[in-house]
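Engineer: Next come the chains, spelled out residue by residue.
Number of protein chains: 2
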Amino acid sequence: MRTFIKYYEPSLNPLSGGKGAVSVLSPATVANVVCGFDILGFALNNPTDEFTVSLSDEVGVHIINDDDFNLPTNPEINVSGAALLAMLEECPDVKGFTVISKKVVKPGSGIGSSAASAAGPVVAANILLGNRFSKSDLVRFAMFGEKVASGVKHADNIAPAIYGGVTLIRSIFPLDIISIDAPPLHVTVVHPQIEVRTADARQILKQHVLLKDAIKQWGNIAGLVAGLIQQDYDLIGRSLEDVIIEPVRSILIPGFNEVKQKCKDAGALGGGISGSGPSIFMLSKDAETAKAVEEVMKDVYNRIGLDYQTHLTTINQEGVKQVV
Amino acid sequence: MRTFIKYYEPSLNPLSGGKGAVSVLSPATVANVVCGFDILGFALNNPTDEFTVSLSDEVGVHIINDDDFNLPTNPEINVSGAALLAMLEECPDVKGFTVISKKVVKPGSGIGSSAASAAGPVVAANILLGNRFSKSDLVRFAMFGEKVASGVKHADNIAPAIYGGVTLIRSIFPLDIISIDAPPLHVTVVHPQIEVRTADARQILKQHVLLKDAIKQWGNIAGLVAGLIQQDYDLIGRSLEDVIIEPVRSILIPGFNEVKQKCKDAGALGGGISGSGPSIFMLSKDAETAKAVEEVMKDVYNRIGLDYQTHLTTINQEGVKQVV
Numbered sequence: 001m002r003t004f005i006k007y008y009e010p011s012l013n014p015l016s017g018g019k020g021a022v023s024v025l026s027p028a029t030v031a032n033v034v035c036g037f038d039i040l041g042f043a044l045n046n047p048t049d050e051f052t053v054s055l056s057d058e059v060g061v062h063i064i065n066d067d068d069f070n071l072p073t074n075p076e077i078n079v080s081g082a083a084l085l086a087m088l089e090e091c092p093d094v095k096g097f098t099v100i101s102k103k104v105v106k107p108g109s110g111i112g113s114s115a116a117s118a119a120g121p122v123v124a125a126n127i128l129l130g131n132r133f134s135k136s137d138l139v140r141f142a143m144f145g146e147k148v149a150s151g152v153k154h155a156d157n158i159a160p161a162i163y164g165g166v167t168l169i170r171s172i173f174p175l176d177i178i179s180i181d182a183p184p185l186h187v188t189v190v191h192p193q194i195e196v197r198t199a200d201a202r203q204i205l206k207q208h209v210l211l212k213d214a215i216k217q218w219g220n221i222a223g224l225v226a227g228l229i230q231q232d233y234d235l236i237g238r239s240l241e242d243v244i245i246e247p248v249r250s251i252l253i254p255g256f257n258e259v260k261q262k263c264k265d266a267g268a269l270g271g272g273i274s275g276s277g278p279s280i281f282m283l284s285k286d287a288e289t290a291k292a293v294e295e296v297m298k299d300v301y302n303r304i305g306l307d308y309q310t311h312l313t314t315i316n317q318e319g320v321k322q323v324v
Numbered sequence: 001m002r003t004f005i006k007y008y009e010p011s012l013n014p015l016s017g018g019k020g021a022v023s024v025l026s027p028a029t030v031a032n033v034v035c036g037f038d039i040l041g042f043a044l045n046n047p048t049d050e051f052t053v054s055l056s057d058e059v060g061v062h063i064i065n066d067d068d069f070n071l072p073t074n075p076e077i078n079v080s081g082a083a084l085l086a087m088l089e090e091c092p093d094v095k096g097f098t099v100i101s102k103k104v105v106k107p108g109s110g111i112g113s114s115a116a117s118a119a120g121p122v123v124a125a126n127i128l129l130g131n132r133f134s135k136s137d138l139v140r141f142a143m144f145g146e147k148v149a150s151g152v153k154h155a156d157n158i159a160p161a162i163y164g165g166v167t168l169i170r171s172i173f174p175l176d177i178i179s180i181d182a183p184p185l186h187v188t189v190v191h192p193q194i195e196v197r198t199a200d201a202r203q204i205l206k207q208h209v210l211l212k213d214a215i216k217q218w219g220n221i222a223g224l225v226a227g228l229i230q231q232d233y234d235l236i237g238r239s240l241e242d243v244i245i246e247p248v249r250s251i252l253i254p255g256f257n258e259v260k261q262k263c264k265d266a267g268a269l270g271g272g273i274s275g276s277g278p279s280i281f282m283l284s285k286d287a288e289t290a291k292a293v294e295e296v297m298k299d300v301y302n303r304i305g306l307d308y309q310t311h312l313t314t315i316n317q318e319g320v321k322q323v324v
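Going down the list, the sequences are from chains A and B.
Start counting the first sequence at 1; every next residue gets the next number (UniProt numbering).
Start counting the second sequence at 1; every next residue gets the next number (UniProt numbering).
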């Protein structure tokens, strides 16, 4: 908030209803949840980015970075900017927004950094405007931000960031987002500090898959969804199997197979590549197991000699949330 | 029961605990439920086959047909026989079974005639033997019967026949069957009287599918499972879409596209090919719509000039059930 006052005098703008600026926490997210490639994601309670949005009398979006990531401030090539520009298109009464971006979720980590950048500001802007848009609209705007980041309009990180919890994207055109009830789950994430570009990770996938593999995959996603809603941890664990994407993409992540096997040996229900990597996530039934899983991850990357960061957290049920 | 007395004097056999014979009703089933190819099925309250099983002092399985289908009585090539022979392998204390088969579900109709023949007798035999086997064991035995019928050991008709309701086969080896809670659903089936052999229907499928189609399919199956468990009829309807199997197989069924579109226009949630065809099933929220759907089906096939049979029924929640 400290840099805010310099740029905008919010009380001058009647649209904000006296609210000068809205600050939100926008969560990291895990997408491509094992057998749920391109359709299933969930939000994390940690890490989160912070965005502060205010109305501006200048036309367009004005980006102010308050972190060390040196992201572009030209709104057309900035994820938050592109999302807010898409929103502005449908707000003829609004001239512009100013965003102060304080990112924590590392770009390129595979835990939805760009989705956090896209989702947070549009939710904040919507609060400023009296919640005139539905969550589904906000996902639509935020996808313009994702497109800047990865070249593709996908919603599997954005939907959980905005809705919270576990979300299914049944269809992207037309957009059909379904919240999936889930039992309490502990999430351990390790981010080995290597670069896997989303576009590269997408390019190595084969355009065709064997029908028999596809059948296995849809058996598993059906089992996973049933396990989540019916709170059947065993079934969740059995269903966390990906016979299509993981065998191809995991070769880009040093230590992947060892981490996965040892984490399961330590009691994790299962897990896999987060997004398009390089982060790996594991789900556990309780905090103690999740902590043991973190130790396993550290051991593997300490031995390999690769820098890493871990996050020990739970599923975020609220999505982007206003800081009050 | 009338032909029974001639073949066996049940009270002589101590294993049956005084029960001379057990009669069961074994239901027709719908498998390959739209986007759930090879993994999702459900049981119908109508039509059903009737099987009466008794212990025999002769080694092996003795088949008696009490219907007009002229099915083989050699147990190795008879679906009920092959299933019971598999069961006998694990019953060292049992010499043999006699089965009286009174089939109603037409072989080759696509509503699980062979599964009814496989499931009914093993459930009846298990009751005779004091329920020594689990449902999962019974599915395993019955799959030997399916293999006789279609050359492939599949469980997507057998599982709902034995468990009742809607069942998911998450995995076939190892066998993992999950009962999926579902809201009340009305089912309308039309069986146009043409022959589609399961083996042929399987052969025309491509071994490879586009990844983007597979993603659509697993989005839909995830949506369908969520819709069923969360009792969301709209979501069920939206998810009843098959972009992989139906476009290929429906060309074998005259009138398919017209039936499907007109049934949806008449209010059906959706539906598709039952099993590998030629039957077509439609799901509706209420009995009135299901009846209107039946009229639409009749109209189409009357106009085409193809003989047909319809069934107006609901989902059978119990599976194979003893006649008492």
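Since the hints were made in silico from the structure, they are not lab data.
Hints should not be assumed to be uniformly reliable.
[As the list claims (entries may be wrong)] Straight-line distance between alpha carbons at most 25 Å, and here's what the computed DMTMM-like set of lysine to aspartate or glutamate pairs gives:
#1 B:K206 x A:D213
#2 B:K285 x A:E241
#3 A:K153 x B:D213
#4 A:K135 x A:E50
#5 A:K135 x B:D232
#6 B:K212 x A:E241
#7 A:K285 x B:D176
[What the hints assert, rightly or not] Derived list of chain B stretches under chain A, where covered just means 3 residues or more per stretch with a C-beta under 8 Å from a C-beta of chain A:
#8 92 to 102
#9 172 to 183
#10 248 to 257
Each residue gets a CB set at the ideal place from its N, CA and C atoms; glycine is no exception.
Engineer: Each hint: holds or not?
Structural biologist: Going down the list of hints, with the structure as the test:
1. The straight-line distance between the Cα atoms of K206 of chain B and D213 of chain A is roughly 13 Å, inside the 25 Å bound, and the hint therefore holds.
2. At most 25 Å may separate the alpha-carbon atoms for a hinted pair to count; K285 of chain B and E241 of chain A exceed this at roughly 34 Å.
3. For a cut-off of 25 Å, the pair hint linking K153 of chain A to D213 of chain B stands: about 17 Å separates their Cα positions.
4. For the hint pairing K135 of chain A with E50 of chain A, the CA-to-CA distance comes to about 19 Å; that is within 25 Å, so the pair holds.
5. A threshold of 25 Å between alpha carbons decides the hint, and for K135 of chain A with D232 of chain B the separation of about 19 Å falls inside it, so the pair holds.
6. Distance hint between K212 of chain B and E241 of chain A is fulfilled; the C-alpha atoms sit about 19 Å from each other, no more than 25 Å.
7. The hinted pair formed by K285 of chain A and D176 of chain B meets the criterion: a straight-line CA distance of about 21 Å does not exceed 25 Å.
8. Counting residues of the region 92 to 102 of chain B whose beta carbon lies closer than 8 Å to any beta carbon of chain A gives 0, which falls short of the minimum of three for the stated coverage.
9. Coverage of the region 172 to 183 of chain B by chain A holds [criterion: at least 3 residues with CB-CB distance below 8 Å; count 4].
10. As drawn, the region 248 to 257 of chain B meets chain A at 0 residues by the rule of a beta-carbon pair under 8 Å; below three, the given contact is violated.
Checked against the numbered hints given earlier, this structure breaks hints 2, 8 and 10; the rest are met.
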